[in-house]
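Here is what each chain is made of, one letter per residue.
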Amino acid sequence: MRALRRFLHRVVNLVTKRTQEERLREEIDEHIALQTAENLRAGLSPIEARRQAMLKFGGVEAMKQDYRAERGLVFIENLVGDLRNAGRTIRRMPGLAAVIIVSLAIGIGVNTTIFSWIQMVLFEPMPAVRGAANFLMVEPRAETGGYSGASWLEYRDLQSQVPALRDIVASQMVAFNVGETGRTERTHGQLVSGNYFSALGLKPAIGRFIRPEEAERPGTEPVVVISYDYWQTRFRGAPGAVGQKLRVNERELIVVGVAPKDFQGTMVPLKFELWAPATMAPALLGGTRDLEDRSTRAFSLIGMLRPGATREEAQAEFSTAMAQLARDYPEASAGIGGEILSFWDAPRGPQRFLISGLAILQGVMLLLLLAVCGNTANLMLARGSTRQREMAVRVALGAGRWRIVSLVLSENMLLAFLGAGLGATIAVWGTTALRVAPMIGAFPILFPTRVDEFTLAFAMLLGAACGLIFSAPPAVHLARLDPQDGLRSSSNTPPRSRARKVLMGVEVGLAMVVLIAAALFLESFRSARQTDPRFRPEGVLLAAYDLSGRNPDEASEREFAARLLERLRSLPDIDSAAIATNVPVDLHGMPRRSFTVQGRVRTEAGQDRAITNTVTSGYFKVMGIPLLEGNDFAEMRDKTAPAQAIVNEEFVRHYLNGEDAIGRRIQRRSGSFAIIGVARNSVYDAVGELAQPAMYFSYRDLPEEQGEIHLRTRSGNETALTSEARAVLRDLDPMLPLYDVRTFSQHIERNLYLRRIPARMFAVLGPLLLGLAAIGIYAVVSYAVARRTKEIGVRLTFGATSGRIVLQIIRESLGAITLGSAIGWVLALVISVRVMTKGGVNLPVFLGVPAILLGVATLACWIPARRASRIDPMAALRHE
Amino acid sequence: MKQKTDVLQGTLALMVLKTLDVLGPQHGYGIARRIEQISGDLLAVNQGTLYPVLLKLEQEGAIASEWGASENNRRARFYRLTREGRKQLQAETKDWEQTAAIIARFFDAKAEDLP
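Line order of the protein sequences matches chains F and Z. Under this note's numbering, the letters of the first sequence match residues 1 to 880, in that order. Under this note's numbering, the letters of the second sequence match residues 1 to 115, in that order.
Because the hints were derived from the structure by calculation, they are not lab data. Heads up, some of the hints might be wrong.
Unchecked claim - In silico SDA-like pairs for lysine to any residue, Cα to Cα no more than 25 Å straight-line:
1) F/K621 <-> F/G663
2) F/K56 <-> Z/R34
3) F/K271 <-> F/Y739
4) Z/K87 <-> F/A3
5) F/K64 <-> F/A33
6) F/K621 <-> F/L702
7) F/K64 <-> Z/F78
8) F/K203 <-> F/M267
9) Z/K18 <-> F/I32
10) Z/K18 <-> F/E38
11) F/K639 <-> F/G677
12) Z/K94 <-> F/A3
Start from the sequences and build out the full structure, keeping to the hints where you can.
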């Protein structure tokens, strides 16, 4: 109680410091006056009386210190004093402070931005879903390694057979045409199991969600749940939206509820707007057999562990269940096992790619920040040595070691936190910028990253860590200072500190590692872009149509495609036109289908699979893929020719041992096809991939509701074809939207988008880091040189040429720099050999980067060295 | 070293309280004189050490202070005991006597007195 009152008094005294100080002075004066009067009465001379009184009172200053210690909170006062002092010091060096703060801010900002992404992928993978990171992917996996997805019937079986998982949720991504005739709009949604929303623990914004019984059997109430954004934009957030009808794929669905704000589905970063019961699939997808066919594996499954259950149990139960299914339904499930994966490890979607990329990026960026710290420490150390005298005076006046350390620390911490604050601002800006990054393409994508209190705490933590790191060397240096030496020695003698050079070397080494990593990243990205895809994307326009809403039969599908092609080919600007079901280099890859081919005997169990695309005649011409043997497919209206197939070179090599392929038959579930041609290998999933076996079938034999129109322009300006293509389709069918119109180059670019984010970051950060290293070297050398003015003056007087002096300074600094970069170079080499799987050492990068780095380093040394060598020797010698 | 000052401060505080109890309101010099008269050496050299103690007691609420006129008609700070200070003095006097009695008994005790 008493202690508390004393504390409160002290807090008050912090503010009323001045009046208290006056009071004490007055009391002391009075005390001494009274004692002097007493002494005078005792017969002493006035001067002696006062002297005795002072002696008796004791040391006034020491007492005042005690008094102050008693009065206030010394710690806070010192801190405030230190901070004020730090502020003054920083104001005295605005240029240096700006360099330090900005470089720290960039380092911290970038790290914080990446952290917010990692945080999203790892901890908050589904916005609006609590504990989303605890969901596991339940993935059937073919023994060939592909994640096939699950069929609906399989899902129903698994629900009861994996008791370790609480609710398994199934969802399938679908594209809907929403709206009235002529004004249809393509919107993406999910067909979901009945427990979808309850298992995710969501509450509707308004209305209700899909009831479990609504996803029990086909033919129940046609209901749909819409996203919050969709509700806001299409229904202006009106509560009356519930109960309204929505025309989806020519079907009327009743809106029963609105999903909570920010919820965007279970396949982040894809953003869905509609959710309908899975049992609506046949009605919405034109009589699809998704619900009955075990080999149509269209659903992805997620589930959460039951309390107490372990992931191993779930994995074991899942494997057992899949093995049982493989025995029960060998036709559809043979060779398909299962894997439980973490949510961030999802095989579809970019999480897996993101997390490894981001982890590397974060590591590199932390190294960058460390380099910035090294830079700052170097600058601080250089400055600190010019402040030796100041510190020596402080020590001589009685400042303790700890006071000196705290003085240096508060200066640096102030800088660090200013940097962290600015860095957090950069992170907020960066995160928002990435969030709203325009995502052209077939899929609506939204990365739900944000800067929250964790991210900010991370930024501040980084700031504090940086501050401590770069405070340590100067603090230790100054605290060890002997005041005698500090005062005696002229500030012109360079301190015998190897630390500065070591730091400079380390920093250059780090810069080397990061620059090489950046260069390799850019190089691999550039080569991915420049590698010949082995088809000709230039001059090709892509556009999609979809007849699925109207349940066409095969004949009408074929007829539609034939008429569409006829019209398109008759346009004057079009060189060639074709339709295909799939486009290479797509985000989700090309489908792989099982088959047997005549003349191949399989020894192992399971089936052969190859990339499959169904195309019309003219496809190879549009794509610029030469047919090495045989002929193109028959025309669409040709009723005589038997079912045809064309395979690629790799198919022949892999499955037919390179023997003659023409005339052999491929057997699929949909029929038997004669191979009539061999096409050159081309790229299917990603540029730079190894050759994959592929087979093409004819649209004529296997017509589909959906098609990607491929148009090759004559004029070279493929975008000009858009309106003509639209007009043609409108002419044929006014109710059908032409969607996802893009040039082939755009199509490729957009699928490189994810790769491009880190590449872009590196493209910005590489030069930035080079700049930082240069600034660091420049600053350190110029400080060192400035401190040796006298020595240089003496040399010049004794006849040294300025050239020699420049050379000597550069040589001294380059030693550390060369050693550092050599170590960094070796490190980068080791990393690149470990990480880069394909290709050898990239010589241009490993030779070019050091050349550039050393060149810049030399320049950074040369500028201050030259300036120093040009001084007037007399002036230099007069210099104190 | 530090402990010694603590002990000194503790006893000094008690002396200040007792002085104010006996003499009524006093300025710093008066208190110092009084303690010097009674305790001899304790404050002979470092009268200044009194002031941090006075401040501590004031911040704890044991004493209060106000400006007044000194013997030679100058402004001086007068300290007086508060009610709380009086309670504190009583309590500490009791404590002190107890402690002193115990210590005294220890010093008096001889080996053969123990059972």
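Evaluation of the provided hints:
With a C-alpha separation of about 22 Å, the suggested pair F/K621 and F/G663 falls inside the 25 Å cut-off, and the hint holds. Among the hinted pairs, F/K56 with Z/R34 is consistent with the structure: their alpha-carbon atoms are about 14 Å apart, no more than 25 Å. For the given pair, F/K271 sits about 17 Å from F/Y739 by alpha-carbon distance, which is consistent with the 25 Å threshold. The suggested pairing of Z/K87 with F/A3 holds, with an alpha-carbon distance near 17 Å, which does not exceed 25 Å.
Only pairs whose Cα atoms come within 25 Å are accepted, and F/K64 paired with F/A33 is accepted, the gap being roughly 18 Å. Only pairs whose Cα atoms come within 25 Å are accepted, and F/K621 paired with F/L702 is accepted, the gap being roughly 20 Å. Proposed proximity of F/K64 and Z/F78 is supported: the alpha carbons are some 19 Å apart, at most 25 Å. Distance hint between F/K203 and F/M267 is fulfilled; the C-alpha atoms sit about 19 Å from each other, no more than 25 Å.
For the given pair, Z/K18 sits about 23 Å from F/I32 by alpha-carbon distance, which is consistent with the 25 Å threshold. About 24 Å separates the Cα atoms of Z/K18 and F/E38, which keeps this hinted pair within 25 Å; it holds. Restraint check for F/K639 and F/G677: satisfied, since their Cα atoms lie roughly 19 Å apart, inside the 25 Å limit. At most 25 Å may separate the alpha-carbon atoms for a hinted pair to count; Z/K94 and F/A3 meet this at roughly 21 Å.
Going through the hint list in order, the structure satisfies each hint without exception.
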